[in-house]
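> Based on the sequences and whatever the hints tell you, model everything.
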Amino acid sequence: MRKISVALWVLIATLAATSCAKKETNTQIPCCTTAYLSSLIIPYDTTGITDVFSANIVIDSSLNANRGSVVYHAAVRTLGDSGQVIANGRQLAGSDGLLNGRDSYEQDTTGMKFKVSWILKGRADIAYANFEPFPYSTILIPDTVSDSFNSIYYFYDTNTPHSDTSMLEIALPVSDDSLTTFRYYAASNGGNIAIPKEVIQSFSKKHVRLSLSAFSSNTLTGTTGKYLFIKRYTQTKYVWVK
Numbered sequence: 137m138r139k140i141s142v143a144l145w146v147l148i149a150t151l152a153a154t155s156c157a158k159k160e161t162n163t164q165i166p167c168c169t170t171a172y173l174s175s176l177i178i179p180y181d182t183t184g185i186t187d188v189f190s191a192n193i194v195i196d197s198s199l200n201a202n203r204g205s206v207v208y209h210a211a212v213r214t215l216g217d218s219g220q221v222i223a224n225g226r227q228l229a230g231s232d233g234l235l236n237g238r239d240s241y242e243q244d245t246t247g248m249k250f251k252v253s254w255i256l257k258g259r260a261d262i263a264y265a266n267f268e269p270f271p272y273s274t275i276l277i278p279d280t281v282s283d284s285f286n287s288i289y290y291f292y293d294t295n296t297p298h299s300d301t302s303m304l305e306i307a308l309p310v311s312d313d314s315l316t317t318f319r320y321y322a323a324s325n326g327g328n329i330a331i332p333k334e335v336i337q338s339f340s341k342k343h344v345r346l347s348l349s350a351f352s353s354n355t356l357t358g359t360t361g362k363y364l365f366i367k368r369y370t371q372t373k374y375v376w377v378k
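If you're matching positions, the sequence shown starts at 137 in my numbering and goes up one per residue.
Simulated from the structure, these hints should not be mistaken for lab results. Relax, there's no trap hidden among the hints.
Straight-line distance between alpha carbons at most 27 angstroms, and here's what the computed DSS-like set of lysine-lysine pairs gives:
(1) Lys251 / Lys373
(2) Lys249 / Lys373
(3) Lys333 / Lys373
(4) Lys373 / Lys342
(5) Lys341 / Lys373
(6) Lys342 / Lys378
(7) Lys341 / Lys378
(8) Lys362 / Lys251
(9) Lys257 / Lys362
(10) Lys333 / Lys378
Have a look at this one:
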């Protein structure tokens, strides 16, 4: 009886040690495969705005090689039976007043020369091309973030050129296709965003998707309404909260 008890104790101790070793190893393996989901975000007053059009360049550094895409969104009240929204030659699709489209994007290493042309057909016929420089951000997202202090991001004309608003987004994967998201905003010229300590500590020893976006906007007033055009540049990456 004594030999059986000793053997059982040794087996339990071995299993416990193996379990601990596995848990420690797993914490260092990227746990998340959830893709970055670009949604229509409007950090502006939309009082009196009829429709909103947004183009978001997304650079996802979580992939093996930086892969760029540009995501178009159009929030329109009504288009009519034959209405269309076309962004850079691509017709957007969707329902309930929100249309979307996506194209690949080749990262421009010489400057943000990307142009956006919009065409609205249906309720009103509008053609709008914005040739001003696209907003940009040179702030690098780290591989790890410490939960022991407030991480502060500062925004100036030098690191977020051509933008008027900056946004920090933290998304914690809940499942393969679900995220819990926190968003914080600041002015791009002299503003800053400090991640609340209690928020970052709640993500301790987890991978989260951290995204930085730079925005700019223009408005166009026509005979049938006032239209808001948003340009956005987003860097996104999974980071480890240590």
